[in-house]
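*Asks:* Join the two chains, each given in its own frame, into one complex according to the hints.
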Amino acid sequence: MSGKQTIHRVIAAVGVLALVLVACGGRTTGGTTTGGLQLQVTTKPGTKPVDKVVWAVYRDVNSLDPIYAFDYPENTTDSLLYESLLRQAPDGSIGPGLATMTNPDPLTIVLTLKPGVKFWDGNPVTADDVVYSLDRNTDAKLAGFYPAVFTRVQSITATGANEVTIKMKQADYWFIGELASIPAMIVEKSFTIAQGSNYGTPAGKIMGTGEYKFQSFTPGVAVVMVRNDNYWDSSAKPLVREIDIKGAPNDASLTSALETGGINGVYAQGLTTLDQLKASKAVTITYGPGWYTDAFIVSNLKGPLGDVRVRQALSLALDRKGLIDAIYKGTAALPRWISNSGTFGYGKSVFQAAYDSSPDMTQDITKAKQLITDAGAAGKSITIGMSSELTGISIEAAALKAAAEAIGMKATLHSVSAQNFINFFIDPKARVGIDGFFTLNYGDYAGPEALLATFLIPEGSQNFDGWGVQGTDPNAAAHAQIAAMFDDARGTADPNARAQKVADVEKAIATDLTWIPVLQPWVPTIMSANLSGAYSSFAYMFSPWAEKLGGT
Amino acid sequence: MRLRFFVRRLAMLIVSLLVASFVIFAAIYLAPGNPIAALSGGRSIPPESLKVLEARYHLDQPFLVQYWYWLTNALHGNLGISITLRENVSDLIASRISTTAGLVLFSSILIIAIGVGLGIAAGLRPGLLDTSALVITAISASLPAFVAAIVLILVFAVQLQWFPSLGNGVGFFDQIKHLTLPAVALAISSLAIVARVTRAAIREESRKEHVQTAVSRGIPTAQLILRHVLRNAAIPITTISGITIASLIAVAAVVEVVFGLAGLGAYLVQSAQSKDLAVVQGISLLLVGAFVAVNVLVDVLYAVLDPRVSLGSRAQ
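As they're listed, the protein sequences go chains R and G. Under our numbering, the first sequence is numbered contiguously, ending at residue 561. Under our numbering, the second sequence is numbered contiguously, ending at residue 318.
Isolated chain G (complex conformation) (with noise of 0.2 Å):
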């Protein structure tokens, strides 16, 4: 079972990734603009050196042509040639990998601490603290990420001067200071939803009947929140959590921008603008992996959580 699971989804991953691959090729192939042109910045490249150049990365090729040329070399692990740095992708794309893993890390755990905890606090205490978390959490869960940037570097960066606002930073610590911003940016939004969820999830289990004949059983209230409430609530955090976390990975790349983060999610827009294809494919494929791994996460957790679904049975 468990093995026919992870066969299925691994057949998905690589169907996802040729798939996604072939799309991205053809969009990038047929948006505006010139990779090489873009290395002068708007003066005119010599004639001769443009046609070398376009020899040199296959650009003079038909489309199929050059996509099959991407394909075969990935296949054999070399994902190509950026034509901005002259450089491998992989070795690119290695450089900047970290960052990314680390701000939505950071994030994910901003979230996951912050958004259930005050969803599970709300959720058990009705009253102020219940009102004010649902008022914050509707304001914070409409917030976009790059607002959210600006104001976070108005304040915190600008004004207070508490955290810098570019870059990333050198050494553990300075490079924590440096994601902080962006990690809370990134994690905003998403946190009040997840708040939000879990704090419905909570109310719901504590109305049910287990719940209450637990309670006139006189089970001690941490062990009646944690078996009877937390448990069975776990389902509906994991799904929500796990959505978001994955969207992070994409969203990552609006609030590397504000930040001037090496990030991939920058570098993949700028490649993106650039036409630099070996880097967008490279890019992109990295991410769709990441998010059909977290998914794959997800899945695991439920079987984890709750002995009644099996692995796999969500795609049945």
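The shape of chain R in the complex, shown without the other chains (with noise of 0.2 Å):
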């Protein structure tokens, strides 16, 4: 009863936020609709100078050297300090960045420099400086976080003062994506090796070629920049003066603060009181594409979990309605694929039109039931790897047992402390008798196979349960098709020929539910009412999502 009521309260409070956002929407800067929501890549841009704008992240920021960019405070600061060799817009498509690009060969890639690209300091980008950048993600004594993305490199040479070639050992159309991303940001290299082993850190100084340059980096109180009016791109004409970023110590604390204005802005995840931020008048709530996947990952294909119509029952079976609403405040989506449709950055049409003619995983245990028949699985017991003090996770766990036991199958929950949940992502000991667990999980850049990668290929970070390889995957003949036809696409160069492949792939997974995906969030930008401008896409994790911010 009480379910019902809460469920049709957040149903019309979407449905007046639609009305809302259409009524004073202005201009729709390439949005996509779900579920009678317009969600927008972008919001109006600003008219004002502003002083001073404090940003809010998770958590304090831990370095600002790139090669350790890992996660969302890291990801939000460098991309307002640093610029990649491309660029991704806030609709997730790659243009040209610092440098650009031609492929005269699928196996060679040619970046050159744009004309009077710089560094805060005046000194021009060069192509030396790009070599250097990117080989320090492969640099072993630095141990930076995205070795894996260079894989298919063969060698990274400057042929000219502005131009850097790369030769691949195989030909890698996701690598395109990565050089508009994180690792392909660059640095300086006489100022980073001058700085050693304090560059990025409190104690030490960066140098990057941003709107934004870096001030002060003070743990526990923020990350400080300011305007770079020595920018390259004199046409660019940020608004704010000074942009602090600051870690938030948790919900309330930062609800408060973004009530009263110590806090203009936030990119927020799961955010447990964004009920009450709707309510307020301080703040505007704009609701973006994701590019993230809310799934669960099966880690174990020996279990029942071995049986793809257990993983279909499971799916069939789980109430992920009641999940959008208890865990996202009705902020997300119900997924078709196991990629999040806001991931659609090339190939955009062809994309959304295999997008469109798969079906919306929705509840049906009739379906589930038999399939759990026809697979002999009553009775068969799954345990599912959660931490009870991560109330995303458990209410997740919770439906998936839920969801079990209704279709006669039995769950038990093996949790374990929120410091340990990352456990389960790289102990493989800690994985032993869980049969899969829950992730909030995203690539480097908006094409869905940049999260696909990490679990498709048998050399996958998170390919936690052999998938695709014999010994441990009882379907390994069938998988290695799936993972044949990614490969294929991988080293496909028309978007459109590409952005096919990898549907189809989805496709393929959607049933196999290789993950099995649970919801598909949307990102809400939330900014002080006088604020707007911010990038509302994902894109805020890689790209300069400032430029527009101002008054309004």
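Treat the hints loosely; a few may be bogus.
[Stated by the list, open to error] To give an idea of the chain R side of the interface with chain G (calculated C-beta under 8 Å), a few residues: (1) Asn71; (2) Ser72; (3) Ala152; (4) Pro211; (5) Thr227; (6) Pro228; (7) Ala257; (8) Ile431; (9) Ile435.
[What the hints assert, rightly or not] With a straight-line Cα cutoff of 20 Å, these simulated EDC-like cross-link-like pairs (lysine to aspartate or glutamate) come out: (10) Lys438(R) <-> Asp62(G); (11) Lys150(R) <-> Glu50(G); (12) Lys61(R) <-> Asp176(G); (13) Lys53(G) <-> Glu468(R); (14) Lys150(R) <-> Asp62(G); (15) Lys198(R) <-> Glu172(R); (16) Lys214(R) <-> Asp93(G).
Derived from the structure by calculation, the hints contain no laboratory data. Predicted model only: the values in this text are computed from it and were never measured. For glycine and all other residues, C-beta sits at the position ideal for the given N, C-alpha and C.
*Replies:* Structural data, given as structure tokens:
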């Protein structure tokens, strides 16, 4: 009864919100419609200068060295300070960044620096800086987080003062997405070498090319950056003089600070107080496409989940609508594929057509029960790795347990501490006896393959169940075919043809349920009511999201 | 006598620090989680990078070897490197010490000025003032700092907008403004306890024979209160103030977290969560040291306040 009322209230709220968005939406900048709500990739450009904006991230920034940027706080900060060779627009499409790119042949990428590109100190960006910055990713001594991106790279060489040539061992069009992301952010070689191990730490200084330049990094307080008035592209006119990136200790503190103006903006993830902020006059909330997926990772194919019918039955029995309301306060969509439809950064029409022809993953207990009977899985038991200290994760685990029990299976919850939850991802010992666990996961750029590559190839960092590998996967032969399709897409030059191949893979794994997608969250961009202009898509993780930010 | 007192206290401090360092190191070591993994926020760090980083911070070594590394470095004045921030722990602590010190000092001033002041007033003037002081302090003594913090934010930051709810502020007056709500939240329950103890001590002294004698001899009230009542009531007041102020050092963590202050307590909580061992060790030892120091200060005060008490007699 009360649950139903809540759902109605949420539907009403979403409806009102949609009306408000339509009424004051202004320009619609290439959004996608989901459940009647228009998702926007960016907000209306700001018009007035603003002296200072305090932007919150969920914890303190740990490093300002892009090779260690692997999570929301660092990505949000680095995307203002540094620029990558290519750039992702708010809608995820890739264009020139510091450089323009040509592909003379499938194994060659030539990057030509734009004329006049320079660092904050006025020094020009050279081919040497580019080679150095890319090579840092694979330097074993530095232990950066992106070496896997470069597995098909043969060599990176400066072939002119402003030209860098990358030779590939094998054609890899996914690498181009990475060139528009964190691994291709450019630092100044001489400056970085001089800073040594201090580079990017609170004790050190950094040198980038972005519209905002570094001023100070005080752990526990903020990373302070100011407008780079010497920016190489004189047509860019950032309106905000100073941006402070600040770790907000918890949802309650963040919410009261947003209401009192102590914090002026945040890209929220699963914020428990979202309803309170929706009602607040102090802030506006814009919803944009996410490039992340909330999913159940199948980590053991030797148990009941090795049977595709069991995976399908669990997926059919899951109450996804309830989870959307409980965890994301209505700000997420039902999945059709494993990847979020927000990730369609290229081949958009091809992806969208294929996506539209796929069904929503809705609940169907009768069909699920039939599949369990067919599979002879009634009474069999699965173990779900979870942490009762993580609210979202524990709600999801309980929902999956309920789904399993509703169709005659058994489920055990294996709870670990919040700090230990990460061990499911990095420690094979922690996964012993576990059939799967939940994740909110994303790739480095707007392309469904960016996330899929982590588990659809045998050596993928998140292929925990040995999917597609003889000996660990009972359907290895069939899965190897999907993997071959996926590999074929990787070497396909034409974006639309590539999109079609990736879409075919998506459809295959949406049936195979390699991972079981739970829901596709949107990005809620929360800003003080007198601010506008920030990107409102997941592009804030990789691109200069504050270039149009200003007062209204 | 004095020298012996300080030498003994110093020895006690060193033993406490050594024992504490081992116990804390062991506790953090045994606690679940992986400090390197905390860097990625839930994505899979490439195994090759994980290996290099684990070797760099000796995380692949057995427990006693790790402790030995830490201890020998610490004895050479090197508290180690934070895994999360890749920076010297001593620098990181130094940058936050003033916030916690300021917060504790601000609260201590509130506790002593208002707590002792209210206690004296209530103790000397039975009646309405006394009764209302008793009721108010009974309520506020049972108010935990985190509840006080939430109520203060709701009323004075969100509703009235008099004070900011988050952060440290820049410049002296702005910092005071940012520290006001946290200091009040931190002081409120200790203040009530100090007020109640002070009131009781004043009451008891006022009833004593020498005070009654002084009254009958016509000694002026001000002098009577200062020299006969307060002087004698000072020992219990100092004891309770010392204990509560020492405890503020620990409780400050709660308040710092709620108000997003860059202090040592909040940093301790955060580092313990991400298993940043060297940072947890460094802050813990500093806090243990501060706790011992406050207690030594209280002992010295005893001797100053009451000539009959010799230094260190409490410890015998």
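*Asks:* Take the hints in turn and mark each one as holding or not.
*Replies:* Outcome of the hint check:
no.	hint	in the structure
1	Asn71	holds (5 Å)
2	Ser72	holds (7 Å)
3	Ala152	holds (4 Å)
4	Pro211	holds (5 Å)
5	Thr227	holds (7 Å)
6	Pro228	holds (6 Å)
7	Ala257	holds (7 Å)
8	Ile431	holds (4 Å)
9	Ile435	holds (5 Å)
10	Lys438(R) <-> Asp62(G)	holds (16 Å)
11	Lys150(R) <-> Glu50(G)	holds (10 Å)
12	Lys61(R) <-> Asp176(G)	holds (16 Å)
13	Lys53(G) <-> Glu468(R)	holds (17 Å)
14	Lys150(R) <-> Asp62(G)	holds (17 Å)
15	Lys198(R) <-> Glu172(R)	holds (16 Å)
16	Lys214(R) <-> Asp93(G)	holds (15 Å)
Of the numbered hints given earlier, the model fails none.
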